[in-house]
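Protein chains in written order, with UniProt numbering: chain A, 1 to 475; chain B, 1 to 241.
Be aware that a few hints might be false.
[As the list claims (entries may be wrong)] Cut-off 20 Å, straight-line C-alpha distance, at most; resulting in silico cross-link-like pairs (SDA-like, lysine to any residue):
id : chain 1 : residue 1 : chain 2 : residue 2
1  : B       : K181      : A       : D459
2  : A       : K29       : B       : T177
3  : B       : K181      : A       : S457
4  : A       : K390      : A       : P263
5  : B       : K53       : A       : A404
6  : B       : K53       : A       : Y419
7  : B       : K53       : A       : D318
8  : B       : K181      : A       : G20
9  : B       : K53       : A       : A146
10 : B       : K181      : A       : L451
11 : B       : K181      : A       : D21
12 : A       : K163      : A       : E368
13 : A       : K51       : B       : P166
14 : B       : K53       : A       : D21
15 : B       : K181      : A       : A417
16 : B       : K53       : A       : E368
17 : B       : K181      : A       : T409
18 : A       : K390      : A       : P60
19 : A       : K29       : B       : A191
20 : B       : K181      : A       : S289
21 : A       : K193      : A       : R207
22 : A       : K163      : A       : R329
23 : A       : K390      : A       : M77
24 : B       : K53       : A       : E319
25 : B       : K181      : A       : V55
26 : A       : K390      : B       : R145
27 : B       : K53       : A       : A412
28 : A       : K163      : A       : E30
29 : B       : K181      : A       : W62
30 : A       : K217      : A       : R207
31 : A       : K29       : B       : G176
32 : B       : K53       : A       : Q36
33 : B       : K53       : A       : A417
34 : A       : K51       : A       : W62
35 : B       : K181      : A       : D369
36 : B       : K53       : A       : T409
37 : B       : K53       : A       : A416
38 : B       : K53       : A       : A411
Just so you know, the hints here were simulated from the structure itself, not pulled from any lab data.
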Amino acid sequence: MSTFLGMPVRAPRGVGHLRGDQSFPAAAKEALGNSQLRRNLQHATTTIRGKSGRVIAELPDWQELRSAGSALKAYTMANLPLLLTQLEEKVTAAGGVVHWAADANEANQIVTDLVARTGEKRVIKVKSMATQEIGLNEALEAAGIAPVETDLAELIVQLGEDKPSHILVPAIHRNRAEIREIFLRAMPGVDPKLTDDPPVLAGAARRYLREIFMRTKVAVSGANFGIAETGTLAVVESEGNGRMCLTLPDTLITVMGIEKVVPAWADLEVFLQLLPRASTGERMNPYTSMWTGVTPGDGPQNFHLVLLDNGRTAVLADEVGRQALHCIRCSACLNVCPVYERTGGHAYGSVYPGPIGAVLSPQLTGVEDNASLPYASSLCGACFDACPVKIDIPSILVHLRNQAPHARTEAAVMAAAAYTMDHPRLYASAQRAAKLARIAGRRGRGLPPPLNGWSASRDLPSPPDETFRDWWRGR
Amino acid sequence: MRIALFVTCLADTMFPAAAKATVLLLERLGHEVVFPQEQTCCGQMHINTGYQKDALPLVRRHVRTFEPYDVVVAPSGSCVGAVRHQHAMVAAGDPGLAARATEVAARTYELSELLVDVLGVEDVGAYYPHRVTYHPTCHSLRVLRVGDKPLRLLQHVRGLDLVELPAAEQCCGFGGTFSVKNADTSTAMLADKMRHVLDTGADVCTAGDASCLMHIGGGLSRLRTGVRTVHLAEILASTEA
Chain A
1 MSTFLGMPVR APRGVGHLRG DQSFPAAAKE ALGNSQLRRN LQHATTTIRG KSGRVIAELP
61 DWQELRSAGS ALKAYTMANL PLLLTQLEEK VTAAGGVVHW AADANEANQI VTDLVARTGE
121 KRVIKVKSMA TQEIGLNEAL EAAGIAPVET DLAELIVQLG EDKPSHILVP AIHRNRAEIR
181 EIFLRAMPGV DPKLTDDPPV LAGAARRYLR EIFMRTKVAV SGANFGIAET GTLAVVESEG
241 NGRMCLTLPD TLITVMGIEK VVPAWADLEV FLQLLPRAST GERMNPYTSM WTGVTPGDGP
301 QNFHLVLLDN GRTAVLADEV GRQALHCIRC SACLNVCPVY ERTGGHAYGS VYPGPIGAVL
361 SPQLTGVEDN ASLPYASSLC GACFDACPVK IDIPSILVHL RNQAPHARTE AAVMAAAAYT
421 MDHPRLYASA QRAAKLARIA GRRGRGLPPP LNGWSASRDL PSPPDETFRD WWRGR
Chain B
1 MRIALFVTCL ADTMFPAAAK ATVLLLERLG HEVVFPQEQT CCGQMHINTG YQKDALPLVR
61 RHVRTFEPYD VVVAPSGSCV GAVRHQHAMV AAGDPGLAAR ATEVAARTYE LSELLVDVLG
121 VEDVGAYYPH RVTYHPTCHS LRVLRVGDKP LRLLQHVRGL DLVELPAAEQ CCGFGGTFSV
181 KNADTSTAML ADKMRHVLDT GADVCTAGDA SCLMHIGGGL SRLRTGVRTV HLAEILASTE
241 A
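Bound conformation, chain A alone (with noise of 0.2 Å):
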């Protein structure tokens, strides 16, 4: 016998980072406003792309590799609840303890209560984006309980009370000058002759953080990867400051989404080549850490898991939409999308930006909470061809826009063109009426609202004198 538990919930209003306060549109007239902005994400976002490009070419199964990472995406998202399960155990035997948080809320309330059974007043973070996208920072703050990033792009949006801009390169946005602005002003005991040299900055960040590193007995992190069969927790990163953290404190609390478990230990040998190659343009990542609950005398003594679901269920529901939940966090879409490179990241008013974002937020919150995230894309397909498990991101956003709340005079002129253009006659004299219209006045620039926006920086073409039609039957 089997019980209907209702259709899986999304992520709750009110709490952390997947909703913007305005919409994309709107947020990227502002962000296309900003030359200095735009100067730092072209810059940035060509020499990633030309990087990756390159050690990407080096390796003759590329696509094969693409191929088979996205295969196993599929094979995990058909069995997630008895991987899931399976990792729990496995977590368990080796001395984990494995928290399962159906929400952004639970997830908070969860990990806040574990830090404070602690006593500790301070936490260390790894760079997570799951816990920027539950708003772990503020909950813990409200707890009174300091969350500190140690990951240096990190550092720089928390100091600079910010928001990340890319899932990767969270400080894309900004460049030395302003970093050093930032240190200044808010890191605590700074040189106050620090120059805006990358090394120096660099040095400051390093000197402050290992202070606290060395005495904070708390760390709290995300997951690239937990593989089922073995329990075992995988974070990849450049700095070292994820294995400091993973590490050096005596209770290590990490935060998964549920989407990020593998099936086997042997799985990571497509994982791991695709990622840096896909993300930082690297043959390898610099630090590999991995961990399989608790080890006695070595390394934090108690482990935590906490796995979220805050609306993954809801996107598994949807046939089309749910491949977006095979991202692997690398960024190679945001790199090679044109619109991102112009907007940045803040402009989607998500922790998840650029295409990946544009699919993601909108399944995860609801449509009707991100309705214009689905059409922040020319539809260019740049992103499919740069995903290293190959997600079809331009099929799933025409699938949002299908679902996506519609503006009723919208929708009536849709309609009213597409019975048109399903009469022929009628079709034929709205051509006739189109070029009269033209030649009798509007000849000019100006196009009524909500078309103006074209006419703002274009020209029309010079209606011609007969219609392909036309001609056709004169000939």
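Following the hints, put chain B in place on chain A, whose structure we already have.
Chain B in isolation, oriented as in the chain A frame:
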């Protein structure tokens, strides 16, 4: 060969020169072109704007109109992309229609595909004495994968000075209703595309899609750059006489 022209609503209404050129070119190469009068629009605008239900009758009309023909050609990578990758999806609720749509799609070609893959010709005997740069439209490039077919056709055109477009594979910013719904972002993308076109020193920018050319050409015209946009079909149809 008897070839049915899928003219596309945009070329029919706004850019008949591209459609006429397609007809004249194919006739010059010795083929018969027919124009099924019942055709209107493939429905791509509706599909990509989130109105699949409204697009369904248009898909049905398109399939009914073109299924009697062995070969269908359109002077548009984007519209052929919609036929090939979206029609069966829109018709998913009607498996019979979806199957027919798949069959029509398999016989529908973008112009450069038809010329190079089906008709086996790269030198169409054209003459076009201008400096030309080619913009590979996104749907030709990444949906249809036409690759270098348009370039191979252009390389055989006598008198034509073909210059490479920097960052050619980046979208021009059109994207159908994207250019209206996200007009500011679209304009920013267009600005970079125009800069690259101007950098080539070409007097003509060509492509296989009238829609992208309308966008790029509209921007170039507004800035009074003196650079024209001309559809690939028009260049290939040009002769010395």
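Quick rundown of the hints versus the structure:
1. Our distance criterion of 20 Å between C-alpha atoms is met by K181(B) and D459(A), whose separation comes to about 17 Å.
2. Simply put, K29(A) and T177(B) have alpha-carbon atoms about 17 Å apart, close enough for the 20 Å limit, and the pair holds.
3. About 14 Å separates the Cα atoms of K181(B) and S457(A), which keeps this hinted pair within 20 Å; it holds.
4. Taken as a hint, the K390(A) and P263(A) pair is honoured in the structure, with Cα atoms around 19 Å apart against an allowance of 20 Å.
5. Of the pairs offered as hints, the one joining K53(B) and A404(A) holds, with about 13 Å between alpha carbons and a cut-off of 20 Å not exceeded.
6. In summary, the hint linking K53(B) to Y419(A) is supported, as the alpha carbons are separated by about 12 Å, within the 20 Å threshold.
7. Using a Cα cut-off of 20 Å, the hinted pair K53(B) and D318(A) holds, with the two alpha carbons roughly 19 Å apart.
8. The hinted pair formed by K181(B) and G20(A) meets the criterion: a straight-line CA distance of about 18 Å does not exceed 20 Å.
9. Proposed proximity of K53(B) and A146(A) is contradicted: the alpha carbons are some 52 Å apart, above 20 Å.
10. Proximity of K181(B) to L451(A) is assessed by CA-CA distance (about 9 Å); at most 20 Å being required, the pair is judged to hold.
11. Restraint check for K181(B) and D21(A): satisfied, since their Cα atoms lie roughly 18 Å apart, inside the 20 Å limit.
12. For the suggested pair K163(A) and E368(A), the alpha carbons sit about 23 Å apart, so the restraint of at most 20 Å is broken.
13. Among the hinted pairs, K51(A) with P166(B) is consistent with the structure: their alpha-carbon atoms are about 18 Å apart, no more than 20 Å.
14. A threshold of 20 Å between alpha carbons decides the hint, and for K53(B) with D21(A) the separation of about 31 Å lies outside it, so the pair is violated.
15. At most 20 Å may separate the alpha-carbon atoms for a hinted pair to count; K181(B) and A417(A) meet this at roughly 17 Å.
16. Under the criterion of a C-alpha separation no larger than 20 Å, the hint pairing K53(B) with E368(A) is consistent with the structure, at around 19 Å.
17. Restraint check for K181(B) and T409(A): satisfied, since their Cα atoms lie roughly 14 Å apart, inside the 20 Å limit.
18. In summary, the hint linking K390(A) to P60(A) is supported, as the alpha carbons are separated by about 17 Å, within the 20 Å threshold.
19. The hinted pair formed by K29(A) and A191(B) meets the criterion: a straight-line CA distance of about 15 Å does not exceed 20 Å.
20. Restraint check for K181(B) and S289(A): the C-alpha separation of about 44 Å exceeds 20 Å, so the hint is violated.
21. Of the supplied pair hints, the one linking K193(A) and R207(A) holds, its CA atoms being roughly 15 Å apart against a limit of 20 Å.
22. About 17 Å separates the Cα atoms of K163(A) and R329(A), which keeps this hinted pair within 20 Å; it holds.
23. The suggested pairing of K390(A) with M77(A) holds, with an alpha-carbon distance near 15 Å, which does not exceed 20 Å.
24. Among the hinted pairs, K53(B) with E319(A) is consistent with the structure: their alpha-carbon atoms are about 18 Å apart, no more than 20 Å.
25. The straight-line distance between the Cα atoms of K181(B) and V55(A) is roughly 37 Å, outside the 20 Å bound, and the hint therefore fails.
26. For the given pair, K390(A) sits about 16 Å from R145(B) by alpha-carbon distance, which is consistent with the 20 Å threshold.
27. Of the supplied pair hints, the one linking K53(B) and A412(A) holds, its CA atoms being roughly 13 Å apart against a limit of 20 Å.
28. Restraint check for K163(A) and E30(A): satisfied, since their Cα atoms lie roughly 16 Å apart, inside the 20 Å limit.
29. For the hint pairing K181(B) with W62(A), the CA-to-CA distance comes to about 36 Å; that exceeds 20 Å, so the pair is violated.
30. Pair hint K217(A) plus R207(A) holds up; C-alpha atoms about 18 Å apart against a cutoff of 20 Å.
31. For the proposed pair K29(A) and G176(B), the alpha carbon gap of about 19 Å is at most 20 Å, so the pair holds.
32. Among the hinted pairs, K53(B) with Q36(A) is inconsistent with the structure: their alpha-carbon atoms are about 43 Å apart, more than 20 Å.
33. For the proposed pair K53(B) and A417(A), the alpha carbon gap of about 13 Å is at most 20 Å, so the pair holds.
34. For the hint pairing K51(A) with W62(A), the CA-to-CA distance comes to about 15 Å; that is within 20 Å, so the pair holds.
35. About 18 Å separates the Cα atoms of K181(B) and D369(A), which keeps this hinted pair within 20 Å; it holds.
36. Pair hint K53(B) plus T409(A) holds up; C-alpha atoms about 17 Å apart against a cutoff of 20 Å.
37. Under the criterion of a C-alpha separation no larger than 20 Å, the hint pairing K53(B) with A416(A) is consistent with the structure, at around 13 Å.
38. Distance restraint check for K53(B) and A411(A): the Cα-Cα separation of roughly 11 Å lies within the 20 Å cut-off, and the hinted pair is therefore satisfied.
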